[in-house]
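J.: In case you want the letters, here they are:
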Amino acid sequence: MNDRPRTPDLPPPITEVGAIGWLRANLFRSWTSSIVTLVLLYLLARILVPFLDWALVSASFTGTKSSDCSGQGACWVFIGQRIDFFIYGFYPATERWRVNICYALLALVLVPHFIPVIPTRVRKWLGIFGVTLFPVLAYVLVTGGWFGLEAIPTDKWGGLTLTLMLAFAGILASLPIGIVLALGRRSKMPVIRSLSVVFIEVWRGVPLISVLFMASVMLPIFLPEGVDFNKLLRALIGITLFWSAYMAEVVRGGLQAIPKGQYEAAHALGLSYWKGMGLVILPQALKYVIPGIVNTFIALFKDTTLVLIIGLFDVLGTVQSTIIDPAWRNVATEGYLFAAFLFWIFCFGMSRYSQNLERRLHTGHANR
Amino acid sequence: MTSDTTPAASARAGSAVRTGGAPDAIIRVQSVHKWYGSFHVLKEISLDVERGERIVICGPSGSGKSTFIRCLNRLETHQRGRIEVDGIELNDDIRNVETVRREIGMVFQHFELFPHLTVMDNCCLAPIWVRRAPRKEAEQTAMQYLERVRIPEQAGKYPGQLSGGQQQRVAIARALCMKPKVMLFDEPTSALDPEMIKEVLDVMIELAESGMTMLCVTHEMGFARTVADRVIFMDRGEIVEQAPPSEFFAHPREERTRHFLDQILHD
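If you read the protein sequences in the order shown, they are chains A and B.
Counted from 1, the first sequence has number 189 at position 189 by the working numbering; the numbering is strictly sequential.
Counted from 1, the second sequence has number 63 at position 63 by the working numbering; the numbering is strictly sequential.
No lab work stands behind these hints, which were simulated from the structure alone.
Every residue, glycine too, gets a C-beta built ideally from N, C-alpha and C.
Heads up, none of these hints are tricks.
Reference excerpt, derived from the structure (chain A facing chain B, CB under 7 Å, subset only): (1) Pro283; (2) Gln284; (3) Thr363.
Calculated pairs, SDA-like style, for lysine to any residue (alpha carbon to alpha carbon, straight line, at most 25 Å): (4) B:Lys136 with A:Trp125; (5) B:Lys157 with A:Ser354; (6) A:Lys275 with B:Asn96; (7) A:Lys275 with B:Asp93; (8) A:Lys260 with B:Glu98; (9) B:Lys136 with A:Ser272; (10) B:Lys136 with A:Pro283; (11) B:Lys181 with A:Glu264; (12) B:Lys157 with A:Arg359; (13) A:Lys275 with B:Arg70; (14) A:Lys287 with B:Gln161; (15) A:Lys124 with B:Ala155; (16) A:Lys260 with B:His110; (17) A:Lys275 with B:Glu76; (18) A:Lys124 with B:Lys157; (19) A:Lys275 with B:Lys136; (20) A:Lys231 with A:Ala93; (21) A:Lys302 with A:His113; (22) A:Lys156 with A:Ile310.
Only chain B is shown next, with the shape it has when bound in the complex (with noise of 0.2 Å):
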């Protein structure tokens, strides 16, 4: 367990950088910021992440967190600051994005599933074109993963004839066929339908419990209650506050933590 190694002294987001930073981080985030024009996005992002550690991000819509992990892969470029994964920096050196794509995976709201090719060939895709894995292998990977994920016996049909919660699930075994070191999760269960998002939220949770290093913009509380080492909570492009799930929910620190949480934990 590595949540009694995140920070908990610090909640605001500038000072709770750790001089040097955590000895064993796969990731470290140090003073990013970022603008869509004039409009600032993120502000001063600090974060290290160990390897190993569950973190989940929320805040409301509009506070960058999507921004925030897709910049972790360079799907959205930062322009001040520096983010390095698993010591590679991530600059204008298509290379270098290239080598922490490879590292990292990802899944989206929307799935993002290639329509023309089957569920194995999504599976297989990059493996074979990234990794140049042969045809074979790549195929047997994909089927220990799609066993994982519970539909081996979807391998031959194409996305649009599975359903959101079947798609989702094709997509993080797509995306774990590469054998990433990190997993990044973007609002996973938001495009969903409700009596689907449980199918989805138990796959991630046994990734969890096998040691995978996840970050995961997610309103799904009770998935951050139970698997996440620290919860993060952004607002407005900023870290507002980091705390373990125990500690987040029990006793928020900040009043635009616990308005958020007023306003998310009707139950």
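For reference, chain A alone in the conformation it holds in the complex (with noise of 0.2 Å):
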């Protein structure tokens, strides 16, 4: 007897495929759902399209100074005419120059990480130039005092660049801190075990605006006459172990993840707890966790616009310091969506990243 006849593969039928077949499978399945996207298309059309006329067709964007504002839009303008002091404070316009090389170098650590033809290997190193040297690269340039540059006092700077530093320096500090307090909290020595517990509670149980106020108004009660330390660093040290408690939390949720059984063959394989943790857990665990350690960070960026309270000048402090001006009459909403959409930027960025790195890190399922 003969094989019988395979069945030839026939094109799918034409509502299932290409743009029609989209439109039907997510647009117009049934007629509830056709209902439901009419009804959204109508509303977004009676929100989106006066916004787009007043942000961008019927707004003013050249000029110096209020009366240049037609009125019937946005007031560009003054985002404009105020976008030094939205982005340096009160750092010394002379000197700014310390702050843009800066960015510059900010720039170039983080935008190769978003252009995927440039090699891994030169990514790697700019990652880690930007975790080691930059920082303290940052932090003399801004600073000053050193090498005839001149010294500016924290309390001049402000803006963005306040913004970024406290979020840099506080996610360059809360992540290891993290670790050690998750790795802490699953120990086996009953003191160290008990120290991070102590320490994540407490720090995880307070609002983060009582930490600031701590560390403004009540440390200096508690230290000894003539030593004071510098606000932005009360300020910044708060910040870093607040969340290094939740990262805590984050980083003990991977760790969790980790079969028993790997463990015990990077025990068995001769490797000390430190190097297993280093070499065959964490890794593991950290990648299991990014999306919590981002969803961390992004948190932790929006945050540090609560230093305000406590009379650091912030890019939001900027703005909502500016838009009361008498010189400009209702510059509010254009203030605040600028200083929304500069948050927007940094967070989304944040979260593209770390899509990036998980897909990269993806390496098939896990050993079993």
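Hey, can you piece these two chains together into the complex? The hints should help.
T.: Structure representation (structure tokens):
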């Protein structure tokens, strides 16, 4: 008997593929789905069209003062006039090149991570530079007082520069502290475990606002006369410790997801505790919790605005202090939108980068 | 062949200890007890393993056989008795433990390859970080062992891309890369699909023929017959019977052994 002839492959029906297929599958699958689609389109048009008109079509972009704005749309002239203040705060104009060098270096460190054609080796070295030498260099440049650079006290720092410095330093410090705390919490040694638990639960149990108040108001009361360390540094330490407690719990989640057999395999090969952790367990655990870590980074980044309440002018603080300027009428919306947009850019960047990282580190299924 | 030195006279565990031990024992276990909470998992276990000896440990689940071989590299701690590997006692001194672990390779039921590292890096990790071998040398050794387990072409892949049998062979190569004096196998074929068991057993048989000291917890009685110098039967935390395979399978002494063999040898 002959083999039964194979049935030839036919193309799928036209309604299932291409643009029509997509529309059908996603927007007009059923009557209810079609109605929802139409209602949403209507609402989108009602909201988006007037907004775009206000923000772009009727908006004023050129000019130098309030009267240059038509009043019909957004007054972006205001942002353009005050942009230096939003970026540098009270940093002296003649010394701003120092901050600009830091921004250039920051861009050099960050941007290549979003350009896939740049080889991984280069990106790795830039990354290492970014977390080691760059912060030191930036600190030396911005602070001054060395190499003939004029010293700029921290109360002159502000705007986006301050926001980024707080966020960068906070992120950089809270991750390693968080990892150590997470390991401590899972330690077999009771003293280390209890200390970690107490630290994490105390810092996680208080609001960041009260931490900042404590740092700026309470701490000086307890410090001996004449000992005063910088308000910015105090805020930074508060932010770092607060977020490292959160980070510790995120990392602990990752550690718990690693099967016991992985620890045993590392030990059976003769790796010590630290080598096993550093080479086998943490690389896997951290990879599992990249979304949680980046989530914490983003929260930290946005919460730097809280330093406003202890009198530090981050980017939101600079915006808020200028929109009440009587020389400009009703520019609050523009100001806040601009600040929101800046935050969104950085947070969205972090989010995209983390997705990219997850894809790159994906090495197939877990080992069982 | 070392099977002539195995204790044949006495089968009961406690009385199986030869006074003074074998002259060339690499592992000496004396009256070891272990408890999980109040549950007595290991009772008065004594065993000497000679250099080059191949031992198969079998027994029903929960008999303590896995726990026992995991005590030999201190993945489990024993509470009473004494375990000595190559003259080093396993105790709370972490340096002793790490020294012993360098000399003992272990293969697990679930492979436990490191999923974030390639096959090659899995094999090189411990030689580089524990033995401080130069990377080039470690990679050469690794390649040699990957060839021996017949998967050199997979060196650049990640464990997640391999079949179970391939993963277990990599796990064997990884352990061998440390040039261990003893190899422990903890049910190496139990998690494998049936068609992959043979490729792993073949590698183990080859290893046995090369003179490696091996302790295998396994239910593969064919393997025990082919390569073992001694088969040990454990039940409820004790060594019930031990004998060379010919004797063990043909004339089991104890009722419990007979019962167990009846159940697993249904062919």
